[in-house]
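**Student:** What follows is each chain in one-letter form.
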Amino acid sequence: MHVSLTKPAPGWPVAPAGPIPPARADPPGPGRRPGATTLLGLELRRLFRSPLAFLFAAIFLLLTGYTGMTALLSTREATARYAVNSMAVLFVICIPVLTMRSLSEERSSGRLDYLLASPLSTTRIVLGKYLGAATFASLLVVVAIGVQLFPVLRLGHPDVGEIAGGFLGLELFVAAAVAVSLLWSAVSASMLVAGLGAIVTLLLLWFVGSTAAVLPGALDTIAQRAALGPRLEPFTFGLIRTDHVAYFGLAVLLPLIGTIAVLGGTRPRWPRGRSAGSSRLRRGLVAVVVAGLAVAVVAPVRRVDLTAGHRLTLSRETRQVLDRLPGRVEFIAFLDPSQPDYRQARNLLRLYGAYSSKVAVRFVDLRKDPQTAARYGVQQPGEVILRGGGRQQWASRSTEDRLTVALTRLSGGSSGLACMAVPLAPASLSTGGFTRLRTLLVDSGFDVSDADGTVPGGCDVVIVGPGTKSAAWVTSLHEALAAAAPPAVIALAEPDQTGPVTDLLAERGVALDSGLLRDPDAGAASDPTILLAQTPGTASARSLALVLPGASALRLPGGAVVLAETSPSAVPLGPGGGVAPDARPGRRPVAAVVTTGARPMAVVGDADFVRDDFLGLGDNADFLLDLTTRVLGRKPVLVGSRQLGLAATSLVLSAESARAARLYTTILVPAAFLLAGLVIIFMRRGS
Amino acid sequence: MDEGYRTVRIGSLSKSFGSLRALRGVSLALRAGDILGLVGPNGAGKTTLFRIIAGAVQPDGDATPVAYGTGEAVDARDIGFAPEQPPVYPELTVRDQVRFAARLRGIPKRHEAGEVRTALDRAGLDGVEHRLIGHLSKGYRQRVGLAQALVGGPRLLLLDEPTSGMDPNQVEQFHDMLRTVAPGRFAIYSSHQIGGVTRVADRIAILHGGECRGVVDVSHLEEPWSPRPSAGGPPPDEPGRSSWFLSENGNRLYVQAPGGDGERLDVDRIFALATRT
Numbered sequence: 001m002h003v004s005l006t007k008p009a010p011g012w013p014v015a016p017a018g019p020i021p022p023a024r025a026d027p028p029g030p031g032r033r034p035g036a037t038t039l040l041g042l043e044l045r046r047l048f049r050s051p052l053a054f055l056f057a058a059i060f061l062l063l064t065g066y067t068g069m070t071a072l073l074s075t076r077e078a079t080a081r082y083a084v085n086s087m088a089v090l091f092v093i094c095i096p097v098l099t100m101r102s103l104s105e106e107r108s109s110g111r112l113d114y115l116l117a118s119p120l121s122t123t124r125i126v127l128g129k130y131l132g133a134a135t136f137a138s139l140l141v142v143v144a145i146g147v148q149l150f151p152v153l154r155l156g157h158p159d160v161g162e163i164a165g166g167f168l169g170l171e172l173f174v175a176a177a178v179a180v181s182l183l184w185s186a187v188s189a190s191m192l193v194a195g196l197g198a199i200v201t202l203l204l205l206w207f208v209g210s211t212a213a214v215l216p217g218a219l220d221t222i223a224q225r226a227a228l229g230p231r232l233e234p235f236t237f238g239l240i241r242t243d244h245v246a247y248f249g250l251a252v253l254l255p256l257i258g259t260i261a262v263l264g265g266t267r268p269r270w271p272r273g274r275s276a277g278s279s280r281l282r283r284g285l286v287a288v289v290v291a292g293l294a295v296a297v298v299a300p301v302r303r304v305d306l307t308a309g310h311r312l313t314l315s316r317e318t319r320q321v322l323d324r325l326p327g328r329v330e331f332i333a334f335l336d337p338s339q340p341d342y343r344q345a346r347n348l349l350r351l352y353g354a355y356s357s358k359v360a361v362r363f364v365d366l367r368k369d370p371q372t373a374a375r376y377g378v379q380q381p382g383e384v385i386l387r388g389g390g391r392q393q394w395a396s397r398s399t400e401d402r403l404t405v406a407l408t409r410l411s412g413g414s415s416g417l418a419c420m421a422v423p424l425a426p427a428s429l430s431t432g433g434f435t436r437l438r439t440l441l442v443d444s445g446f447d448v449s450d451a452d453g454t455v456p457g458g459c460d461v462v463i464v465g466p467g468t469k470s471a472a473w474v475t476s477l478h479e480a481l482a483a484a485a486p487p488a489v490i491a492l493a494e495p496d497q498t499g500p501v502t503d504l505l506a507e508r509g510v511a512l513d514s515g516l517l518r519d520p521d522a523g524a525a526s527d528p529t530i531l532l533a534q535t536p537g538t539a540s541a542r543s544l545a546l547v548l549p550g551a552s553a554l555r556l557p558g559g560a561v562v563l564a565e566t567s568p569s570a571v572p573l574g575p576g577g578g579v580a581p582d583a584r585p586g587r588r589p590v591a592a593v594v595t596t597g598a599r600p601m602a603v604v605g606d607a608d609f610v611r612d613d614f615l616g617l618g619d620n621a622d623f624l625l626d627l628t629t630r631v632l633g634r635k636p637v638l639v640g641s642r643q644l645g646l647a648a649t650s651l652v653l654s655a656e657s658a659r660a661a662r663l664y665t666t667i668l669v670p671a672a673f674l675l676a677g678l679v680i681i682f683m684r685r686g687s
Numbered sequence: 001m002d003e004g005y006r007t008v009r010i011g012s013l014s015k016s017f018g019s020l021r022a023l024r025g026v027s028l029a030l031r032a033g034d035i036l037g038l039v040g041p042n043g044a045g046k047t048t049l050f051r052i053i054a055g056a057v058q059p060d061g062d063a064t065p066v067a068y069g070t071g072e073a074v075d076a077r078d079i080g081f082a083p084e085q086p087p088v089y090p091e092l093t094v095r096d097q098v099r100f101a102a103r104l105r106g107i108p109k110r111h112e113a114g115e116v117r118t119a120l121d122r123a124g125l126d127g128v129e130h131r132l133i134g135h136l137s138k139g140y141r142q143r144v145g146l147a148q149a150l151v152g153g154p155r156l157l158l159l160d161e162p163t164s165g166m167d168p169n170q171v172e173q174f175h176d177m178l179r180t181v182a183p184g185r186f187a188i189y190s191s192h193q194i195g196g197v198t199r200v201a202d203r204i205a206i207l208h209g210g211e212c213r214g215v216v217d218v219s220h221l222e223e224p225w226s227p228r229p230s231a232g233g234p235p236p237d238e239p240g241r242s243s244w245f246l247s248e249n250g251n252r253l254y255v256q257a258p259g260g261d262g263e264r265l266d267v268d269r270i271f272a273l274a275t276r277t
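Residue numbers (this note's numbering), protein chains in the order written: chain A, 1 to 687; chain B, 1 to 277.
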């Protein structure tokens, strides 16, 4: 027998002697390094070539379509808020189902070894897998939101900023849920265990905020900070907070780093040629985590308000006032927790404190501490005393316009001198006088002076109202106006009275239509009629609800800028109070700016809306302030009051459109995806 | 080329999974152009050895376990790994799967199509490249796994039970292919069918209980270990020869003919005979 043997020896065996075949011409060297996109491409190709993805999408769209439309039809609000919330709840289940096979299946099928043996770094394997699942889930969000939005946009006027916020929040939520599910998928080779583990984890994170109240101190704080559900909510309102973005960033990165640690823990580092920069990438991820923690825990919270009119944050004007504060200011807010606007007022005041370190807010419960309220002369809940620099100012309500104007006054600013030629409380006027208008102007930073037959020097704006003044008063006022030449005049006209205003208007070529304006849809003529006035010329371009029990349309000279109109259904009434037979409904101007020479004059077709009884209704007070700012040609400190909070317009919904919307979202779209899945199944049969 | 790049040294590899010692100081040497057959009964540690050499699993200890004669670790892009269970995705077509392997290996885009074509041809997948892997037989899936290992021409080929599921004709084609690609490369080929391994390998290593029982040059072995055709010798496809298998009894390892009551040869005795010569 002829045998030769190379026995295993201690250490390295010696290579046997003999002829060696020629080696490859191309020695190992640097080449193209595979990146995460290699695996991402594979994942996407697998998903979109599998009927499973389309069937999964069909089920998801069916469920979100049903829940979203049910919420939409019951609330009838033109918003995607409810759809976003229902999608998030469904994703808590669906994302783990989608992602559980990502690494578990690779492990159980033996493919994971192949990936781990490849030149791809562990970080890139994890990123590739993550991006594959996250991209699919993200596309699902786009489709689902798009499907839900279609009827909302068709049937209403939703706030686009709010929708954008909800979309962003949902995408971040999905990104975090995919990362958590991927970690479970890396931990367990069983898809079932991975899926259930991820679902339970996400549910715990979702609900931990609501159960945290039963936990002791430090645990309660941790639970509140870890809670997932409350983090998503502000996004659905259109509010993006930096600490919430940081939270979601951490919720993505920490599980990803955990997944990298799990996969890389048993993976050798000796092979050369694995993707370069892997350690740099890992260091980068860690750096981002540290930065995210800093933002979430230490850094001051910044808010980006996407809503139209920035309903959820302080306005730019307020922020400018706060930025210019010369010293510390204390807000003493007198609130009553039983009042419906308590939370809103409290949140608003906290926003001031959160924005500026110079602002300290102290809350006084009016019911529990009436002595303090009495000491400051406060009587109504919502009133706020502002103290600073040895001075004190007062805001009559806890609304942003009142607070900011008071803050401006406290800082030494003045809006100017307003001279009022109006009856303050004439008994002959059923709707009261203009006492509250005076207070409003004072609150808004104006120094107010009476113009009783004369116009004091230095008036920035003269407000002329109807009244029962004498002819001599009228004559002297006209002469005084001509002599003083104030920069601006606001004329509050009353259709059933002649006097200084109608004379003044006649001089400027403005006439009042005879007859009252009524909205036939508003019911009996004796009821105050609320007309929707359009304000195309105002900076805010918002609709104002004007209370016009006796609104009179203006006939205006050329060049006048119409600020407010009646609703399209308003018709003028005849002398007897009934609708004239030939009267046709239509929009009619009720407020305008007329410029004669260099001086603008604002004309309001009915003075009632700023009288004491109606000034506080709707946006009337804001309209007057807006008007004043406009005729003065100044930059507004604050254009109109802003009720911070959620707003939603109603859907214009008929039974037919509701049926169509439901059919579209819950039947047609899911059926299309189901069909796509079937097509793929039949196509696969042939290959 | 540096002579050091013509050898690859593996060892000394140990691996424990909890209390189970899967490998106990296994060392091997590979020569360029050399096909090393790895045989051993189930649970001998073959798959663990492949996983470690491929770079998927870290052996016990921190040493570099797979390096050229120069001491330089083998490049991950130069390892072609075909696990026993083909790492394929049923949703993909054959071509997409191999293209993925090419991208994973970092093959430049301009060479990708050519390399994929070559690998498909070598693995005998011409004509099925556009079929879904989920619709292929087990043997064809093995071929796809092989094509993935071959794409880009890696220097170190790790083929763990590559003929599993193949019919005898396909096995013979595989052996031809392996002989074609072997020159200049380092190849380790495992199979539970000794006849198959010895027909194509230059040397065989016996793995038993996590230990390497010996490495023997096949060309110098007597029956039933030397089925390779030689001048005047028996034909390689003599009936029954390729189905000889390894069996164990306690710490003893045997080469056994099929049928249960067939001939049984003690592996240690075979090695002893070989050593005595």
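Derived by calculation from the structure, the hints in this document are not laboratory data.
Backbone N, C-alpha and C fix where the C-beta goes; we use that ideal spot for every residue, glycine too.
Check the hints yourself; a few may be wrong.
[Claimed, not checked] One-sided excerpt, in silico: chain A residues whose CB lies under 10 Å from chain B:
{"id": "1", "residue": "Ala117"}
{"id": "2", "residue": "Pro268"}
{"id": "3", "residue": "Arg684"}
[Claimed, not checked] Computed beta-carbon distance windows for the label pairs:
{"id": "4", "chain 1": "A", "residue 1": "Leu52", "chain 2": "B", "residue 2": "Arg117", "range": "43 to 49 Å"}
{"id": "5", "chain 1": "A", "residue 1": "Ala261", "chain 2": "B", "residue 2": "Gln173", "range": "50 to 56 Å"}
{"id": "6", "chain 1": "B", "residue 1": "Arg117", "chain 2": "A", "residue 2": "Val679", "range": "48 to 54 Å"}
{"id": "7", "chain 1": "B", "residue 1": "Arg131", "chain 2": "A", "residue 2": "Thr135", "range": "23 to 29 Å"}
{"id": "8", "chain 1": "B", "residue 1": "Asp62", "chain 2": "A", "residue 2": "Leu192", "range": "51 to 57 Å"}
{"id": "9", "chain 1": "A", "residue 1": "Leu192", "chain 2": "B", "residue 2": "His111", "range": "52 to 58 Å"}
{"id": "10", "chain 1": "A", "residue 1": "Val679", "chain 2": "B", "residue 2": "Asp62", "range": "50 to 56 Å"}
{"id": "11", "chain 1": "A", "residue 1": "Leu52", "chain 2": "B", "residue 2": "Lys109", "range": "26 to 32 Å"}
{"id": "12", "chain 1": "B", "residue 1": "Asp121", "chain 2": "A", "residue 2": "Thr37", "range": "54 to 60 Å"}
{"id": "13", "chain 1": "A", "residue 1": "Thr37", "chain 2": "B", "residue 2": "Arg24", "range": "38 to 44 Å"}
{"id": "14", "chain 1": "A", "residue 1": "Val288", "chain 2": "B", "residue 2": "Gly43", "range": "27 to 33 Å"}
{"id": "15", "chain 1": "B", "residue 1": "Gly43", "chain 2": "A", "residue 2": "Thr242", "range": "39 to 45 Å"}
{"id": "16", "chain 1": "B", "residue 1": "Glu3", "chain 2": "A", "residue 2": "Phe682", "range": "55 to 61 Å"}
[Said to hold, decoys possible] Sample of chain B residues lacking proximity to chain A, with all beta carbon distances greater than 12 Å (derived):
{"id": "17", "residue": "Asn42"}
{"id": "18", "residue": "Thr93"}
{"id": "19", "residue": "Arg122"}
{"id": "20", "residue": "Asp126"}
{"id": "21", "residue": "Met177"}
**Student:** With reference to the structure, classify each hint as holding or not holding.
**Tutor:** These are the hints, each one checked on the structure:
Hint on A/Ala117 holds. Least Cβ distance to chain B is approximately 4 Å, under the 10 Å limit. Checking A/Pro268 against chain B by beta carbon gives a least distance of about 4 Å; that is within 10 Å, so the hint holds. Annotation: interface hint on A/Arg684 holds; nearest CB of chain B at approximately 6 Å, less than 10 Å. At roughly 31 Å, the beta-carbon separation of A/Leu52 and B/Arg117 lies outside the given 43 to 49 Å, and the hint is violated.
Between A/Ala261 and B/Gln173 the beta carbon distance is about 44 Å. The supplied range of 50 to 56 Å is therefore violated. Judged by the Cβ atoms, the range 48 to 54 Å given for B/Arg117 and A/Val679 is violated: they are separated by roughly 30 Å. The supplied range of 23 to 29 Å is met by B/Arg131 and A/Thr135, whose beta-carbon atoms lie about 27 Å from each other. In this structure, B/Asp62 and A/Leu192 break the distance hint of 51 to 57 Å, their C-beta atoms being roughly 36 Å apart.
One distance hint, 52 to 58 Å for the beta-carbon pair A/Leu192 and B/His111, is violated here, with the actual separation near 42 Å. Roughly 54 Å separates the CB atoms of A/Val679 and B/Asp62, a value that falls within the hinted 50 to 56 Å. Here the CB-CB span from A/Leu52 to B/Lys109 is close to 30 Å, well matched to the stated 26 to 32 Å. The beta-carbon spacing between B/Asp121 and A/Thr37, approximately 28 Å, falls outside the hinted interval of 54 to 60 Å.
Between A/Thr37 and B/Arg24 the CB atoms are about 41 Å apart, so this pair conforms to the stated range of 38 to 44 Å. Separation of A/Val288 from B/Gly43 is about 45 Å and departs from the stated range, judged on CB atoms against 27 to 33 Å. Taking the beta carbon of each, B/Gly43 and A/Thr242 are about 57 Å apart, not inside 39 to 45 Å as hinted. The beta-carbon spacing between B/Glu3 and A/Phe682, approximately 59 Å, falls within the hinted interval of 55 to 61 Å.
Remark: the non-interface label on B/Asn42 is consistent with the geometry, its nearest Cβ contact in chain A lying 16 Å away (cut-off 12 Å). The non-interface label for B/Thr93 is inconsistent with chain A: the shortest C-beta to C-beta separation is roughly 7 Å, within 12 Å. The Cβ of B/Arg122 sits about 15 Å from the closest Cβ of chain A, beyond the 12 Å cut-off, so the non-interface label holds. Remark: the non-interface label on B/Asp126 is consistent with the geometry, its nearest Cβ contact in chain A lying 16 Å away (cut-off 12 Å).
Distance check on B/Met177: its Cβ is at least 16 Å (rounded) from any Cβ of chain A, clearing the 12 Å threshold; non-interface status holds.
Hint compliance for this structure: hints 4, 5, 6, 8, 9, 12, 14, 15 and 18 are broken, all remaining hints hold.
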